[in-house]
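This is what each chain is made of:
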Amino acid sequence: MSWLIEVDGPSCIGSGMCVGMASEHFELRDGVSRPLRSQVEPADEIVDAAESCPVEAITVRDAESGAVIAPEP
Amino acid sequence: MTTTESTPRSYPFSAAEKLRLDPFYAELRKTEPLSRVQLPYGQPAWLATRYEDAKTVLADPRFSRAAAVDNDEPRLRSRRPAGGILAMDPPEHTRLRKLVAKAFTVRRVERLRPRAQEIADELADGMLESGSPAELVEDFALPLPITVICELLGVPYEDRADFRDWSDAFLSTTKLTEQQVEDYIDRFQNYMAGLIERRRQQPEDDLLSALVEARDEHDKLSEQELVELSVGILVAGHETTASQIPNFVYVLLTHPEQLEQLRQQPERVPEAVEELLRYVPLGVSAAFPRYALEDVELGGVLVRAGEPVVVGVASANRDEEVFSDPERFGLDHEAGPHIGFGHGPHHCLGAQLARMELQVALETLLARLPGLRFAVPEDEVPWKTGMIVRGPLSLPVAWDTEA
Ligand code: HEM
Ligand code: SF4
Chain A
1 MSWLIEVDGP SCIGSGMCVG MASEHFELRD GVSRPLRSQV EPADEIVDAA
51 ESCPVEAITV RDAESGAVIA PEP
Chain B
1 MTTTESTPRS YPFSAAEKLR LDPFYAELRK TEPLSRVQLP YGQPAWLATR
51 YEDAKTVLAD PRFSRAAAVD NDEPRLRSRR PAGGILAMDP PEHTRLRKLV
101 AKAFTVRRVE RLRPRAQEIA DELADGMLES GSPAELVEDF ALPLPITVIC
151 ELLGVPYEDR ADFRDWSDAF LSTTKLTEQQ VEDYIDRFQN YMAGLIERRR
201 QQPEDDLLSA LVEARDEHDK LSEQELVELS VGILVAGHET TASQIPNFVY
251 VLLTHPEQLE QLRQQPERVP EAVEELLRYV PLGVSAAFPR YALEDVELGG
301 VLVRAGEPVV VGVASANRDE EVFSDPERFG LDHEAGPHIG FGHGPHHCLG
351 AQLARMELQV ALETLLARLP GLRFAVPEDE VPWKTGMIVR GPLSLPVAWD
401 TEA
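First to last, the sequence lines map onto chains A and B. At position 3 of the first sequence the residue is numbered 3 (my numbering), and the sequence of numbers has no breaks. At position 279 of the second sequence the residue is numbered 279 (my numbering), and the sequence of numbers has no breaks.
With the rest of the complex left out, here is chain A:
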């Protein structure tokens, strides 16, 4: 099983929360977050980051079914 991470650049406010919570999965470039790899092994801190993003710019999906894993619907 693997997950897909997407960051909606235009809504990101560069809070760095995702980088702080899951530095192996996100980086800030010119004040905008992006996933280091878009397809990843499932990990709790990715869900935490997506749940904590103040503007819900991060979406985590199941790579096969496309179902949204975080933020919790």
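Note that these hints are calculated values from the structure, not bench results. In this text the structure is predicted, and so the values were computed from the model without any measurement. Take the hints with a grain of salt, since some may be wrong.
[As the list claims (entries may be wrong)] Covered stretches of chain B, as calculated for chain A (at least 3 residues, CB under 8 angstroms): (1) 100 to 113; (2) 340 to 352.
[Stated by the list, open to error] Examples of chain B residues toward chain A, derived with CB under 10 angstroms: (3) 20; (4) 55; (5) 56; (6) 60; (7) 90; (8) 337.
Glycine included, C-beta positions come from ideal geometry on N, C-alpha and C.
We have chain A; now place chain B with the ligands onto it with these hints.
Frame of chain A, contents of chain B with the ligands only:
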């Protein structure tokens, strides 16, 4: 070119007057985007007035809030500001912020909307019952955000008379004496420590209990941090929104054609709220300086390592490079990415909550109080003084009643 050696201008440039933004900011944006200023206390600082520079200072890790603690930070009153979440840098800042972030996401806040609507409707009922005119600040603008943040955090609403007074200690520049400020902050912290102790004995379904658990079971924050963070959320959670509600109403009442348009199209309230957040200069001054950790070229000058920069958020929100016709308030302005809630790691924790409350407030006032208008001449509306935020002290309003 401006350098560190240039004589700083005294700042704020003028006393805050209603919601007017000093036109000098516009001039600085054009000619001197980073300029030297001297606040009433602390070291001289750079003032950033352009949107892009403002965002850089707020989000770039080369600028630090934590460094302010070890410096004579530029500020509006002599007392050094308390530490807390706004005086920390990542990753320490992230440790605290993530404990509360989940309670303030878009989704969590949307779940609170029906309750906020209910509170707003009850307040409007009260106003209708007592009849026109009413006083918007006491009757509506204060109780709405106070009730919401009390319920979210788990603070008894009955205690509001106390903590409303104490809150002023965090936002006063000259309204309170230094002794009063010390005293109120002490009392506020003791009060919060007492509530925390009660949650420790008997947890409830509220943010305070969740924070106590984070401390006791997972050791994620110190007792002092727990107290400061809870006080911080309670203060920030109501004073700002309670000032913005009457500020927004004031702007609408002084722009009757915009108000009329909003009455015709109430579905545009969310857009109106964004435009109002851009347009209204809530703070009387740039505050919370960031210190450069290394030399940074910015706005045509070299900010040297160790120098503080303050950010003119209200000025950035009127940057003509980003917003068209920015000095005008208008619903037709595209809901641009204003920085009324800041930017970067300290971007307002309560932004979504404040947005939701402001939307509910305007929707309710427009729907329930037809023909809303000033009940006194506009010039007689009294404004706060000696505080870091602007807002009417009271706002008497009238509306059409059926004859
Ligand atoms: C219209 C209402 C509000 C406005 C305009 C506003 C504005 C701001 C701004 C500009 C900042 C950033 C300050 C800086 O970086 O120098 C901030 C931070 C903050 N705000 Fe708000 N705010 C509002 C309402 C609220 C509410 C309802 C809460 C309730 C939780 C809140 C809690 C906070 C906290 C805790 C911070 C510090 C965040 C941090 O350091 O990580 N604010 N606010
Ligand atoms: S947490 Fe959200 S807003 Fe903050 S940097 Fe990450 S994606 Fe952007």
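With chain A as the partner, please determine if residue 337 of chain B meets the hint condition of a C-beta pair closer than 10 angstroms. Holds - the Cβ of residue 337 of chain B comes within 10 angstroms of chain A, reaching about 8 angstroms at its closest.
Would you check chain A against the region 340 to 352 of chain B, counting CB to CB pairs closer than 8 angstroms, and say if three or more residues qualify? holds (count 7)
Hint check: is the beta carbon of residue 56 of chain B less than 10 angstroms from a beta carbon of chain A? holds, 8 angstroms
Using Cβ atoms only, decide whether residue 90 of chain B comes closer than 10 angstroms to chain A, and label the hint accordingly. Result: holds, 5 angstroms to nearest chain A Cβ.
Interface hint for residue 55 of chain B, Cβ within 10 angstroms of any Cβ on chain A: Constraint on residue 55 of chain B satisfied, holds at 6 angstroms.
If you count the residues of the region 100 to 113 of chain B with a beta-carbon closer than 8 angstroms to a beta-carbon of chain A, do you get 3 or more? Holds, because 6 residues of the region 100 to 113 of chain B bring their Cβ atoms closer than 8 angstroms to Cβ atoms of chain A.
Hinted contact residue 20 of chain B with chain A - closest CB pair below 10 angstroms: It is violated, given that the least Cβ distance between residue 20 of chain B and chain A is near 28 angstroms, above 10 angstroms.
Status of the residue 60 of chain B interface restraint (C-beta, 10 angstroms, chain A): holds, 7 angstroms
Checked against the numbered hints given earlier, this structure breaks only hint 3.
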